[in-house]
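There are 2 protein chains.
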Amino acid sequence: MSRTSKDKDEPTTEGAESVFDAPARQLLRARRPDGAPVGPADVDPRSTPGFTGDKVEGKAALAARADRLAALQELLYARSTREAPDGSPAPSVLLVVQAMDTAGKGGIMRHVIGQMDPQGVDLKAFKAPTAEEREHDFLWRIRPHVPGPGRIAVFDRSHYEDVLIQRVRGFAPAEEIERRYGVIRDFEAELAAAGTRVVKVMLHISADEQKARLAERLERPDKHWKFNPADIDERALWEEYQEAYRIALLRTDATDAPWFVVPADRKWYARLAVQQLLLETLEGLELEWPEADFDVEEQKARLAAS
Amino acid sequence: MSRTSKDKDEPTTEGAESVFDAPARQLLRARRPDGAPVGPADVDPRSTPGFTGDKVEGKAALAARADRLAALQELLYARSTREAPDGSPAPSVLLVVQAMDTAGKGGIMRHVIGQMDPQGVDLKAFKAPTAEEREHDFLWRIRPHVPGPGRIAVFDRSHYEDVLIQRVRGFAPAEEIERRYGVIRDFEAELAAAGTRVVKVMLHISADEQKARLAERLERPDKHWKFNPADIDERALWEEYQEAYRIALLRTDATDAPWFVVPADRKWYARLAVQQLLLETLEGLELEWPEADFDVEEQKARLAAS
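The listed protein sequences correspond, in order, to chains B and L.
Just so you know, we're using full-length UniProt numbering here: the first sequence kicks off at 1 and counts up by one.
Just so you know, we're using full-length UniProt numbering here: the second sequence kicks off at 1 and counts up by one.
Chain B extracted, bound-state conformation (with noise of 0.2 Å):
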């Protein structure tokens, strides 16, 4: 048995063309190319932007590219474990998801993120902050969780929490909602210096999809413990919340931190959206595998005497 040879359940960074018709980096920004702001409103909740197939193809799609998505992520955590020849930074990606109840996070965690190396990604879902938390500026709880070198975060919620609920539903006050623009521009730009691609996916579901997901959770008894009454108290602020997403992507969307609206009300879509961002975010990186740092053959004869 030749052992030079790959195995065939091994990840691979070859084929897996894109299956989008143009980049979905372009195609999902929260900006036009002329620097026009792209809102929620503007955004077809049931669109599948760049992808023409159905979702028996676009589930297929996702599948076939598990492999070149794990395969992107080991080099990225492999480029991590040597110092790079300008001594640049080892890049990491962060990855933010936001949305409205039942838009599908727990979907792309499971089916996206879940196709990675669970070695290499650090998921951290962001629930109501604690009383410690509080006594805190809003970032002191997310610091600790941003991507070491090499690694994925995904933070399922995050720091844009204190700009949506809190701007809804008055927890703050107007002026401080303001000062938190600044700082998350402030902070996510000293991430992207540091080496970090910040990734920022609003998940899009319209307010009719909403309660038909609620619905099914109301139907199902193994699904009741998904659902929570306060949740149909939140569907009573949903035009307050497009509003604040509409503010939030307009204020914080920026080159080195973009906003990406990507249509969810296609649970298929989204996920889909999701994976070729990672894809084309990776693949932008350019990354080889690193050169070994000790004397191969050196070490090849060592190994054969022991």
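Where hints are given, some of them may not hold.
Beta-carbon label-pair distances, calculated as ranges [to be verified]: (1) L:V56 x B:A215: 43 to 51 Å; (2) L:P173 x B:D256: 50 to 58 Å; (3) B:R25 x L:V56: 36 to 44 Å; (4) B:A215 x L:A63: 29 to 37 Å; (5) L:A41 x B:A215: 56 to 64 Å; (6) L:A212 x B:P149: 26 to 34 Å; (7) L:R179 x B:D186: 48 to 56 Å; (8) B:E291 x L:R82: 50 to 58 Å; (9) B:Y181 x L:R179: 48 to 56 Å; (10) B:A194 x L:W238: 35 to 43 Å; (11) L:R25 x B:K300: 38 to 46 Å; (12) B:A305 x L:A41: 22 to 30 Å.
Don't read these hints as lab results, they were simulated from the structure.
We put the CB at the ideal spot given by N, CA and C, even for glycine.
For chain B, the structure is supplied; the task is to place chain L on it using the hints.
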């Protein structure tokens, strides 16, 4: 489109019969039913206890049971969202994985742990302790990572390093190592009493297989980053490590925190066996979907009006 029927790609707890001819929790246990200890020397690293199929069948079985593992993990998580009628703590699982270098810990994480929803799994890799960690007693860095209610924590290396490498390398005096076995027993008994199912796995490879795997890392440029010259130094202490494992298993195997010796010269078998141990552990909890803690019909009416 009916929303009350299950999506085809949703995990199901049905089907997927065991492919083992006896429970892996018996076959692989580091103690015979009569109480006699089973150490690494008693287990052939190339054997495949309980599974009569070959590599192709083993890989197929691993893939076929991914959905069941994911479904049981979801059930564990769901259970933690509602208080038990008898007030008992929500169960959780702690999987400890220990092994010599190249034994396949990474593959277990990727191919078995990666089958579960990353939202419910906390994977922690313990590296050499930092200066700060060394200032504290050895469990200080471990305790923050024990699983919360409904969660599955996985330790890639663990507090057992403190009685393995530390014993072999003489980093701690003999009486201190002695003390630690007792401390570990108390710690794991405490976890078990609080509802955590502790499962401890030693991936057991042969020295020859390790040599072949290290040689592969030296042959392939895309594997060089995984190679560390210090791995060869450790090989010189192979027998001392086997003895340290034997003693650790003997002193810390317990009904509420059992050790399993998993033959690991065949990667596919080791993965299938660890998957089986997790399946049996989760099945043993006999979990059901929790009941709604709200009035379902009332919420349906509220939703319809929203």
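Status of the hints after comparison with the structure:
1. A beta carbon spacing of about 44 Å between L:V56 and B:A215 agrees with the range 43 to 51 Å that was offered as a hint.
2. Against the hinted window of 50 to 58 Å, the Cβ-Cβ separation of L:P173 and B:D256 comes to about 52 Å, which satisfies the hint.
3. Look at B:R25 against L:V56: about 40 Å separates their beta carbons, and that is inside 36 to 44 Å.
4. For B:A215 and L:A63, the Cβ-Cβ distance of about 34 Å falls inside the hinted range of 29 to 37 Å, so the restraint holds.
5. The hint said 56 to 64 Å for the Cβ distance between L:A41 and B:A215, and at roughly 60 Å that hint holds.
6. Roughly 31 Å separates the CB atoms of L:A212 and B:P149, a value that falls within the hinted 26 to 34 Å.
7. Between L:R179 and B:D186, the C-beta spacing of about 49 Å keeps the proposed range 48 to 56 Å intact.
8. Hint check: B:E291 to L:R82, Cβ distance near 53 Å, so the stated range 50 to 58 Å holds.
9. Range check, B:Y181 to L:R179: Cβ separation about 54 Å, and the 48 to 56 Å hint holds.
10. For B:A194 and L:W238, the Cβ-Cβ distance of about 42 Å falls inside the hinted range of 35 to 43 Å, so the restraint holds.
11. In this structure, L:R25 and B:K300 meet the distance hint of 38 to 46 Å, their C-beta atoms being roughly 41 Å apart.
12. Between B:A305 and L:A41 the beta carbons are some 25 Å apart, a value that agrees with the proposed interval 22 to 30 Å.
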